[in-house]
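Asker: Protein chains in written order, with the numbering used here: chain A, -10 to 327; chain B, -10 to 327; chain C, -10 to 327; chain D, -10 to 327.
For the record, the hints were derived by calculation from the structure and aren't laboratory data.
It is possible that some hints are incorrect.
Which copy? The list can't say, so a pair holds if one copy fits it or any two copies do.
[What the hints assert, rightly or not] Below, a list of computed lysine to aspartate or glutamate pairs in the EDC-like style, where the Cα atoms sit at most 16 angstroms apart:
(1) LYS309 with GLU93
(2) LYS200 with ASP217
(3) LYS186 with GLU322
(4) LYS42 with GLU57
(5) LYS295 with GLU322
(6) LYS(-9) with GLU36
(7) LYS(-9) with GLU37
(8) LYS320 with ASP203
Okay, here's what each chain looks like letter by letter:
Number of protein chains: 4
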Amino acid sequence: MKKLKVGVIGVGRLGYEHAKNIATRVPGMELVAICDFNVEHAKEVAEELGVEKVFQDPAQMCADSEVEAVAIFTNTASHVEMIKVAMEAGKHVFCEKPLAENVEKCKEAEAIIEAHPDQIFMLGFMRRFDHSYQVAKKKIENGDIGDIVLVRCYSQDPRSIIEGTLAYAPKSGGQFIDMSIHDIDLIRWLTGSDVSKLWAIGGCYEFPQYKEWDDGDNVSCLMQMKNDIMAFFYAGRTAAHGSAVETEIVGTKGMLRIGSEPTDSLVQVFSEHGVCRECYQDFITRWQDAYLKEMEVFCQYVAEGKKAEPNVYDGTQATKIAFACKESFLKNELLSLD
Amino acid sequence: MKKLKVGVIGVGRLGYEHAKNIATRVPGMELVAICDFNVEHAKEVAEELGVEKVFQDPAQMCADSEVEAVAIFTNTASHVEMIKVAMEAGKHVFCEKPLAENVEKCKEAEAIIEAHPDQIFMLGFMRRFDHSYQVAKKKIENGDIGDIVLVRCYSQDPRSIIEGTLAYAPKSGGQFIDMSIHDIDLIRWLTGSDVSKLWAIGGCYEFPQYKEWDDGDNVSCLMQMKNDIMAFFYAGRTAAHGSAVETEIVGTKGMLRIGSEPTDSLVQVFSEHGVCRECYQDFITRWQDAYLKEMEVFCQYVAEGKKAEPNVYDGTQATKIAFACKESFLKNELLSLD
Amino acid sequence: MKKLKVGVIGVGRLGYEHAKNIATRVPGMELVAICDFNVEHAKEVAEELGVEKVFQDPAQMCADSEVEAVAIFTNTASHVEMIKVAMEAGKHVFCEKPLAENVEKCKEAEAIIEAHPDQIFMLGFMRRFDHSYQVAKKKIENGDIGDIVLVRCYSQDPRSIIEGTLAYAPKSGGQFIDMSIHDIDLIRWLTGSDVSKLWAIGGCYEFPQYKEWDDGDNVSCLMQMKNDIMAFFYAGRTAAHGSAVETEIVGTKGMLRIGSEPTDSLVQVFSEHGVCRECYQDFITRWQDAYLKEMEVFCQYVAEGKKAEPNVYDGTQATKIAFACKESFLKNELLSLD
Amino acid sequence: MKKLKVGVIGVGRLGYEHAKNIATRVPGMELVAICDFNVEHAKEVAEELGVEKVFQDPAQMCADSEVEAVAIFTNTASHVEMIKVAMEAGKHVFCEKPLAENVEKCKEAEAIIEAHPDQIFMLGFMRRFDHSYQVAKKKIENGDIGDIVLVRCYSQDPRSIIEGTLAYAPKSGGQFIDMSIHDIDLIRWLTGSDVSKLWAIGGCYEFPQYKEWDDGDNVSCLMQMKNDIMAFFYAGRTAAHGSAVETEIVGTKGMLRIGSEPTDSLVQVFSEHGVCRECYQDFITRWQDAYLKEMEVFCQYVAEGKKAEPNVYDGTQATKIAFACKESFLKNELLSLD
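Just need the whole structure built from these sequences, with the hints factored in.
Answerer: Structural data, given as structure tokens:
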């Protein structure tokens, strides 16, 4: 049982979760190095997870010959630089979404990755690996719902964390690039097609601050796919019930709905509020199995030397569409994508 | 379109609902007379519903030759007397449940009704006529769930009306006779069998007052039917969520659950309490269609001259079992029914 | 208890249901006349419902001085003519949706109705009167969900009746005018606003026949309201599960979902398909209480001499928007409404 | 990060899952030895999981000084012998439920464990560690549902695996000892009390074979706890929908229901069967997180040197009650427990 030796760059909130998964829950992986510009924090995490090698400089970690694969969880603006460093050092690379902060940078990433065709690159659109999404995808492929007519995607952040959301907003790239990009990827993955036309709208229904950042606190978008499937997504920052991601696929012979009630457990509470299902407040809790699964899948791609999915082009396309959404939203115009 | 001319005895809360149904919503019926010992109230209801004849004395109303059928909604203790008066006056009779306050009185009712075989008698176990129960019954008869293994029945009164519940408790006959009698009838109806053995337990979990009335605020009972089907019922007075009636039928090939979420509407509320369905607070709202339906069915039995169901023997049997439950509860012993 | 004397024009499927409601279930109404160009059918219905007066000619019925109000359930193309005849004969008028087959005809209706300001006119957007929609509306007005951000409306016809749907399609006006007009009215009613911009898309995902009628078998539309609320509707002809109408209102402080599971009863079926709720196959069953309720409300408007809602302008606006949807769909362009 | 070195005895279906968990998913544990009387199979599992030491003889494995803790997943009849061997070798012990095949053997286990007070012993009633049960327990302790009135437990095996169920039945000890023992433990844990009286019934509703083994294919039991709480459990072998475990706690101020819909994913399927949630067919899938969690908790008990729960007495009590259920079932009598 040979294990893939992994170095992690960035052990902030999500990076820490991934590092812990790699160290303790992915049978095929071994965490051998941790890198973070906050080297003190990196040391603490390494101590906790029993990792010996700690770095502040990603290039140094990538130069370590023990490291076979690099997993990147730094801020978006540094993704492409990190990919470059790791790829050029001959490592396989897993990179958290979004690929980059704009389309030009995505194209740079494409060039780097294409220059190293024997190294595996995989992008972290983890929703694809969630058990419920896997079940739905299988049913679709099995023809259970006939041909796809409409995909509807909701992503909501809980109102309960609005202060953190607002603090992060200015550097997030906005709702379309930061949040809806997941749904854009799901739509491409589920429909097997790309966007032909789109119209995005929204506004500041409660938090006028978003206007300053050319953004809205709640936005939505209607899309016509190249294969004529309809797609609609909605993203909001003010969900009273929690962290909610719902996806629906309407087909000519049936319909699938994923996460219609974003429940935290199998408990129903009968109280003066009626019959209630309590919800997740935290996206990491919701997706913890998917975060684990995508790492197992990456590990398997490396073992088999197979091209991974989602790949760099999925990252570029999702970014391109997210920027088109933002443009449509700002101009309030219908846009055609080439 | 000949209409059945009905006189109503008792226009308290439930009687008033029935009177209104008869007057305005049952196509085959016409409300021609109202009788209530509170004659002033009877006059008001008659005025509202456009009924000309008002009586204080049931015998007088039953002597009116225009009246073809009598519907009885007086207190339980007077049911058998009212049945007698109406039957002897040659009328068809509909009587609200329970049939009588004890088994001896039920036997008296049997004798009266047997003495008038050409007049229709029907007992108001309305749950049988609820759309959901009809759907379930049809599936069972259709063999959809195979042979019945277990029936589970819950009846809960809302905590929100506990003051009224407590005020009514001393004269109600107690939980088994007043409340669980509905579930006892459902169990007999669904299993097509009678009780062989039973053990009833419970207690005063919050309201010690019930002890004074030889009763509990929450009780339950396990029954073995003559055909070996298992049956369990639970009755409670302190439901936080509302007026809840749930029935489950477990079969060898499937399972049916009725009213698992006793919802008041099709609205889901997403709030800080999670995803909630609000519930009925009021049994009349829950059963309004069943109250209407049973009257339509009674009307049809009369039109066709057919023996009605639920009949007087259903009333006697349910009462007999309810009293056995009470006895088992008080002695804390297993009882065999002959 | 004075009753409003009503004459009905058109006793096809839906007209018959309304006639029966008026005759037997609306306490404040009396059905005194029935008119249908198929006079034999009118006679049968009259016989069944105990109505003496039968007409083939609407003008003749409207000339009858006993008739106080006229309820119109003829085909859409004759609505305005029927309104004219009834209004000019001095009657109050209830008219089934849609108001008319195009905007010009709606304007004609406006003129007629404005010329008779003392007569009540009400349009039959019955969904507004459904219990669940009333519950939701009250919660919104109560501020329970804060400010409205997004309204989402789904209307689906069951696949099981596709033959009838196809047969009716050529003369229906198409999905936007025939089906989505209900959702357009709901959106206007729930948001308290009118459409500013819209983009409608869709296609023939299974039944190419719709192309011949400049229509799709599944369509959708994104709307921006004048008060910046977002609205999305979807309409489909091929729902495997039944006749489904779902409406969602996302607010800044909570969210309401109506009819997410379009259940036919309170029965859950546990079988080899999992835990299932069976659905309505028939819109009349779904809306029977709303059809009744709107008639009671109309009756009350007449009794109180109050302007009714939904009114003729609601009919015109919904029609205008539906035609804009169709235009947007055919041109595949974003449209601004003046 | 010192890891607890664990040896596993028995790597059949469930033992294998546990071995894999210990080897790859429990951060605080290291799997160092595997023992199975089928030593070839033990070698394969060891190979897969990267474990060096393989044994056929438990005593030999327990003699290995590297092994700090032993986890027992052999057949029930050998549990006490394995506990003895491991305890006397100075190891901490985790033992899968049930503790033993009868009460006398449970008492033997008690004596062995009491003789080694410094070694941790924990029994594998894993349901207590499931996230949903933990959520419910916390709400109860928090007083959210007031005082407990009734606990209801359902355990159902899927009809789809009936052949395996039947094959295993003769040596399983029967429904009460093999299956309901989980619910008996839950009832004791949730109510914080022991059984005072019980009456168990049931029968062979479809598979007469169970009669030969003094068992039923579907059974149930009503219990009165020493603190007067009511408890009801039902166990069945013929569930059409899957592997279902449902638990309900009715309190004076609210009600909790766990696993009412034993769903396999967050996917709702809208089809000709209605709106369906598909169910687990496999108990290992349902409880995989609980199996993991209980191992983490055991690890923590060892690290902290704290008495573990569930303990040996929980095993004895559950066994005692399960045998009383069987006796009551066979005699069809109410039983009092001392």
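Asker: Now, for every hint given, state plainly whether the structure supports it.
Answerer: Against the structure, the hints:
1. LYS309 with GLU93: within (9 angstroms within a copy, 44 angstroms between copies)
2. LYS200 with ASP217: So LYS200 and ASP217 pass the 16 angstroms test across copies only (14 angstroms; inside, 33 angstroms).
3. LYS186 with GLU322: both (11 angstroms within a copy, 10 angstroms between copies)
4. LYS42 with GLU57: within (14 angstroms within a copy, 29 angstroms between copies)
5. LYS295 with GLU322: Cα proximity of LYS295 and GLU322: none, with 41 angstroms in one copy and 43 angstroms across.
6. LYS(-9) with GLU36: between (24 angstroms within a copy, 11 angstroms between copies)
7. LYS(-9) with GLU37: between (23 angstroms within a copy, 10 angstroms between copies)
8. LYS320 with ASP203: within (11 angstroms within a copy, 30 angstroms between copies)
Figure legend: structure checked against the earlier numbered hints; the only hint not met is number 5.
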